[in-house]
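Take the given structure of chain A and dock chain B to it, following the hints.
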Amino acid sequence: MQDEQNLVHRAQQGDQEAFAELYESHFDRIFRYVALRVGNRMEAEDITQEVFLKAVRSIRSFKWKGIPFSAWLFRIARNEVIDSLRKKSRQPTVPLSELPPIPVSSSGNPHPLVKHEVDVDQLRAAIRQLTEAQQEVISLRFSAELSIAEVASIMGKSEGAVKSLQHGGIIALRRILSKGGDNEKG
Amino acid sequence: MRKDSEFSNVLEECLERLLRNGETVEQCLERHPEQSTELEPLLRTALDVRKASAIEPSAEFKARARYQFHLAMTESKPARRLWGWVFRQRWQKAAAIILVVLLAGSGMAVATYHSMPGELLHPVRLTAEEMWLAQTSPGIARAEIHRELAARRVEEIVYLAEREDRSAKIERVTQRLYYHLATIESLAAAERVLAMTPGEVTPLSTPDTAAVEKHDAVPQAVAGVEDIGEIGPEGPQGPAGPAGPPGRITLTGLTRAGARDARWIQFRATLKQQEAAHLADLRNLLPVVPESARAALLTAIAVAEAGYERAIEALEQAREP
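Chains as they are written, first to last, in this note's numbering: chain A, 39 to 224; chain B, 5 to 325.
Bound conformation, chain A alone:
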């Protein structure tokens, strides 16, 4: 945390190396979060790029008040995602198959999903059936790998509320996936 504070301070003073270091340490996670939220690789790339360009332009407005820099960065990303989803809310959904396939395990078989009956596209589609708040928590928690405290800070909610959304989101996913599996069987 101290190191990041120092890096942010240097970046605010125009130190490009410090900013480059911050960029490298957050880039992949921001991309993963955005990609899971928007479900389209090209759009995720555009949004991720925009997030960091905005960060460059506005880093001087960041004030260190115990909130991690990552939370500030993810707030920018979240706002960009929300804007993008609003814009295309009435447009047809883009196929999720544009995202890469699920990683293959060392045994050469895809990692098992729920009851071995759903694949990664189904899972991503299931995530999109959750409420906005649940999707937000699931994306920030599992793709960006943030802690409950960080997610709470980004979403402006209490930690208890985020835990509850996480709980409800996982139960809902389980239910959606089980239902999908039953439908396929039938």
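Fair warning: there could be bad hints in the mix.
Which chain A residues face chain B? A few, computed with CB under 10 Å, are given here [unchecked claim]:
1. A49
2. G52
3. R79
4. E83
5. Q87
6. V94
7. D157
8. A182
Simulated from the structure, these hints should not be mistaken for laboratory data.
Using N, Cα and C, we set each Cβ at its ideal position, and we do this for glycine too.
Just chain B, lined up with the frame of chain A:
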């Protein structure tokens, strides 16, 4: 409600252990046997969600984004809040610039050029480097400067490591080394984007640099490109193959693309040689460096190795069709 909240806490505790500490589902269930029936399916679903979330950005996108980011940083000049601080910073920079100008051609300029971290004139040298970069347009010319500055950074690391425990300084110089190599990678990625523009797709693998330099024949690498540049007095002519007339094609259009290829090819070769020499220089220091500086030197080696490899890989991809 209270029961729900308690269960949410247990679930979160298990998720933390699973996601961050690498515990297994079974280990979590052993900790909470009374809730294991309810917990197990949720933990397994959570693990599946994490696997489905493993979406990695492509290397090409990362390189392109990094380049855009560097450009944005260069263009963004932070306004200082404290006027005193502003004055001090600008005064220092102005003084450095004046010094660079005044010292040009004198013995002091040589001293500045050869100054090392921690020496009085070193900040002047770094300012001169910034000026040098700022005056150069993005592309091969700027990549050349970053290559030279990367070489300079390795010299500085060797200098620091040989003297005394200066691990903090080595770390700072290593960060600058990373910056130079990452910028080369970004410039190479931008070159790839340029190379993809219609009429300039010219694979690096079949260069004919001699022909490009002589301007007396169309290199194989660019044959087939529609834009043939200026037409000589003999009249229009297509891309000249072995049987084609030896018309005058000036250094525009396709010959310029070929010449650019040649420079990037040469640049890549030089960078490869530089990588080998620098890694050898740094590794040779390991047996003699003080223990306290060893960690910083190992980091420098790792950064140099990864930075050079990524830059060279980006250069290799830069002109592939």
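Index of numbered hints that the structure contradicts, given in increasing order = none
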